[in-house]
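Q: Each chain, letter by letter, is given below.
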Amino acid sequence: MSAVTMLHQYKTTIEDGDLVVVYINPESMLTITMKKGSVLNNKFGSFPHDKMIGLKYGSMATSLNGRGFVYLLHPTPELWTQVVPHRTQILYLPDISFISLYLDLKPGKIVIESGTGSGSFSHSIARSIAPTGHLYTFEYHELRAETARKEFIDHNLTEIVTIEHRDVLANGFGKVGIADAVFLDLPAPWDAVASAKEALRRDTIGRVCSFSPCIEQVQRTALALDEHGFADIRMYECLVRDYEVRTLPLPDIEEAIGGQKVNFKLNKNDRKKRKLESGAASLAGQSGTSSEVMLSKPADQARGHTSYLTFAILAPEVTSE
Amino acid sequence: MIASRLDPTVIKSGDHVIIRMPSSNAKIISLKPDNTVSLGKFGTFKASELIGKTFGHTYEIEKGGSIVPHTLAGFDNADITEANNKEILDDPKAQKLTFQEIEQLKTMSLSGDMSAQEIIASLTENNESFDKKTEFSKSKYILRKQKKFMKSFVPLETSVYNLCNFFFEFNPGKIRGIRPDTLSQILSLANVYSNARVLAVDDGQGMIIGSLLTRISKGGQVIGIHDGDVSNYDAIRYMNFPAEDIKDHRLYTLPWSKLYHTMEPFTEELTEDSSIDDRSGRERRLRGHTRLSETLDTVRRGEFDALVISTNYNSKSVIERLAPYLGGSRMLVVYDQSKDALLETFAWLRQSPDFLNVRLTESWLREYQVLPSRTHPMMNTSGGGGFIVSAIHLASTATATATSSS
Chain V
1 MSAVTMLHQY KTTIEDGDLV VVYINPESML TITMKKGSVL NNKFGSFPHD KMIGLKYGSM
61 ATSLNGRGFV YLLHPTPELW TQVVPHRTQI LYLPDISFIS LYLDLKPGKI VIESGTGSGS
121 FSHSIARSIA PTGHLYTFEY HELRAETARK EFIDHNLTEI VTIEHRDVLA NGFGKVGIAD
181 AVFLDLPAPW DAVASAKEAL RRDTIGRVCS FSPCIEQVQR TALALDEHGF ADIRMYECLV
241 RDYEVRTLPL PDIEEAIGGQ KVNFKLNKND RKKRKLESGA ASLAGQSGTS SEVMLSKPAD
301 QARGHTSYLT FAILAPEVTS E
Chain Y
322 MIASRLDPTV IKSGDHVIIR MPSSNAKIIS LKPDNTVSLG KFGTFKASEL IGKTFGHTYE
382 IEKGGSIVPH TLAGFDNADI TEANNKEILD DPKAQKLTFQ EIEQLKTMSL SGDMSAQEII
442 ASLTENNESF DKKTEFSKSK YILRKQKKFM KSFVPLETSV YNLCNFFFEF NPGKIRGIRP
502 DTLSQILSLA NVYSNARVLA VDDGQGMIIG SLLTRISKGG QVIGIHDGDV SNYDAIRYMN
562 FPAEDIKDHR LYTLPWSKLY HTMEPFTEEL TEDSSIDDRS GRERRLRGHT RLSETLDTVR
622 RGEFDALVIS TNYNSKSVIE RLAPYLGGSR MLVVYDQSKD ALLETFAWLR QSPDFLNVRL
682 TESWLREYQV LPSRTHPMMN TSGGGGFIVS AIHLASTATA TATSSS
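Order-wise, the sequence lines are chains V and Y.
Residue numbering for the first sequence follows my numbering, beginning at 1 and increasing consecutively.
Residue numbering for the second sequence follows my numbering, beginning at 322 and increasing consecutively.
Hints in this document: simulated from the structure, not taken from any laboratory.
Beta carbons: idealized from backbone N, C-alpha and C, even for Gly.
A hint or two may mislead.
[As the list claims (entries may be wrong)] Quick list of in silico lysine-lysine cross-link-like pairs, DSS-like style, CA-CA up to 25 Å:
| hint | chain 1 | residue 1 | chain 2 | residue 2 |
| --- | --- | --- | --- | --- |
| 1 | Y | K637 | V | K297 |
| 2 | Y | K414 | Y | K469 |
| 3 | Y | K384 | Y | K417 |
| 4 | Y | K353 | V | K11 |
| 5 | Y | K453 | Y | K362 |
| 6 | Y | K353 | Y | K367 |
| 7 | Y | K367 | V | K297 |
| 8 | Y | K414 | Y | K384 |
| 9 | V | K197 | Y | K374 |
| 10 | Y | K539 | Y | K348 |
| 11 | V | K11 | V | K197 |
[Said to hold, decoys possible] Restraint-style ranges between C-beta atoms, simulated for each label pair:
| hint | chain 1 | residue 1 | chain 2 | residue 2 | range |
| --- | --- | --- | --- | --- | --- |
| 12 | V | G229 | Y | K468 | 20 to 28 Å |
| 13 | Y | S703 | V | P26 | 27 to 35 Å |
| 14 | Y | E624 | V | G259 | 28 to 36 Å |
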């Protein structure tokens, strides 16, 4: 069997039929399925699949003319989140991670997700609960459900993920007392709270998370959770800030008083050279007359909001002793 | 298909449990059936009462140290009213009960002769300005008094989230200041899954290594490289793992000083007059020898699925030593509570031909109070939760290919 089992088993070598992430730069990645005789063409050149098959994952592939190159990576849920064709707004790493830890996802857990959307979170859930856990995911949009179903098959996830085309707001999950955790990403999550309660196990603690971009949704959901006997209702927002690091001169003003001219703006070549030097430089290395220091600053652009994460627990039923 | 469920989480004798008190203060206890657990002014209960119970309930302590599940009141139905604080003066005389009288109520409460509800009722009745308060501030007043007088607690499972949260709040130095959201990102970035082989350095007493262990199952391995002769992964012992399961199969530890150790055959022989102590000592040393040999074999097999580092040493020097053991297209994740400690590492990785997609990130977390008509961010929050450098490690041949083609 050559199909890649993408989430719960890494492979070492690229084989015919494997799904491979082609990395050009952080903003440009794509997935391809290895097929003997096929060729990947892009602005960096022609890359025959035959020359990629047999390479190790994490290798560089050079184009036919030897001028261009790309990196061949093993698919992971995190990379999939970056390359997945968006059918909907998707969940990103900070929310995915926080929700997974809060819901205590680990091998063996049974999880319900609705809606499936573009399947970004589904892949991550599957990775965390495999090989003994199970994800039941529901999507009310027929085409999206079909697309996701196909992806789960292609990614060898059918043992771990069951997808159903179903409007859970109208019809509930149709599951009783099986889930350790329920994740709601729905326009009106409050309408799914009753069936979430029904789907959760009652012999052990149950956890629920609702993912909503608007505060009004949070308020209605929290009221519904409270009404249905959920406890410990807590709400969080989680974002990530990227930093850039540069090595720059930071001279004393004495240099200017003494008539020295310091070049703060680096031309392209200098910048390259400095970047290279920075690899070996210590935090405050000396270079020429001015002292240089490594400085960090937040990236210019950052995501300012994704969604509010509302969590609650459902206590087990107390059995009379 | 019908997936089989995990066993319900039931509190067992010998387990560690986090006890959250009405004041939001918390402590970790190790449950011994014969012990009593004292929560100070919130009462004392018999540990045996908790054994066999599930998590998720709040328990009220009754007279004699027994406990009963207590249904929380849920949201109050306070709504916006005409009342405001125009007429309310900050007057200590508003409370008609004297200090002595209140102390007496507290004593009665501790002995179980009076319920917290009764005390709070008596305090509000005797508070002259209570009726003038808005509904919101009445609710807040009662909540504040509950935090003082309720004799109840919530037992929390020592899950990774709860445990990390507990240490972050009460002893952040122990876990190198890692906040649960940051820890959760490490687990995602490292792509830890059931049978992953993970190489880890965790100088934060095993909080990270413990969390890695929860995400792997049969077939997975975590190798912890540590300072000194014996590892100090204290955080793991609170996680209620079945002991033999973790120690024998999933967690291997190796001192830095043994990383390049050459194994010699085990030659210690017993003589005819060896004592029982000699024999058991030899057996212990033989087990240690075998274990070290297995661990070194595993490490030297290399091709690890993730390298996760949280260290007091210069992380760049640690990566230089351990990256050769990391497989191609696998993740390097480095944590530190201070960004400065990661700058050099980040700049160096950016230039390294062995790494791709190098990022330096900081997680930001904000909790909100959600109450009807009173939803807002919490007034107090943590200042920071640590920083992460992450990168994709390239296959060892990648550089060679690049050189030959240029």
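Q: Next step is simple, just say for each hint if it's right about the structure.
A: So, going through the hints one by one against the coordinates:
1. Y:K637 to V:K297: Given that 25 Å is the threshold and the Cα spacing comes to 20 Å, the pair holds.
2. Y:K414 to Y:K469: holds, 20 Å
3. Y:K384 to Y:K417: Violated: K384 of chain Y and K417 of chain Y sit about 28 Å apart, past 25 Å.
4. Y:K353 to V:K11: With Cα atoms ~46 Å apart, K353 of chain Y and K11 of chain V exceed 25 Å; violated.
5. Y:K453 to Y:K362: violated, 30 Å
6. Y:K353 to Y:K367: Roughly 9 Å between the alpha carbons, so the hint for K353 of chain Y and K367 of chain Y holds.
7. Y:K367 to V:K297: violated, 54 Å
8. Y:K414 to Y:K384: It is violated: about 33 Å lies between the C-alpha atoms, which goes past 25 Å.
9. V:K197 to Y:K374: Holds: K197 of chain V and K374 of chain Y sit about 21 Å apart, inside 25 Å.
10. Y:K539 to Y:K348: Measuring from Cα to Cα gives roughly 32 Å; hence the hint is violated.
11. V:K11 to V:K197: violated, 39 Å
12. V:G229 to Y:K468: 20 to 28 Å: Since the Cβ atoms of G229 of chain V and K468 of chain Y sit about 23 Å apart, the hinted range of 20 to 28 Å holds.
13. Y:S703 to V:P26: 27 to 35 Å: holds, 29 Å
14. Y:E624 to V:G259: 28 to 36 Å: Since the Cβ atoms of E624 of chain Y and G259 of chain V sit about 59 Å apart, the hinted range of 28 to 36 Å is violated.
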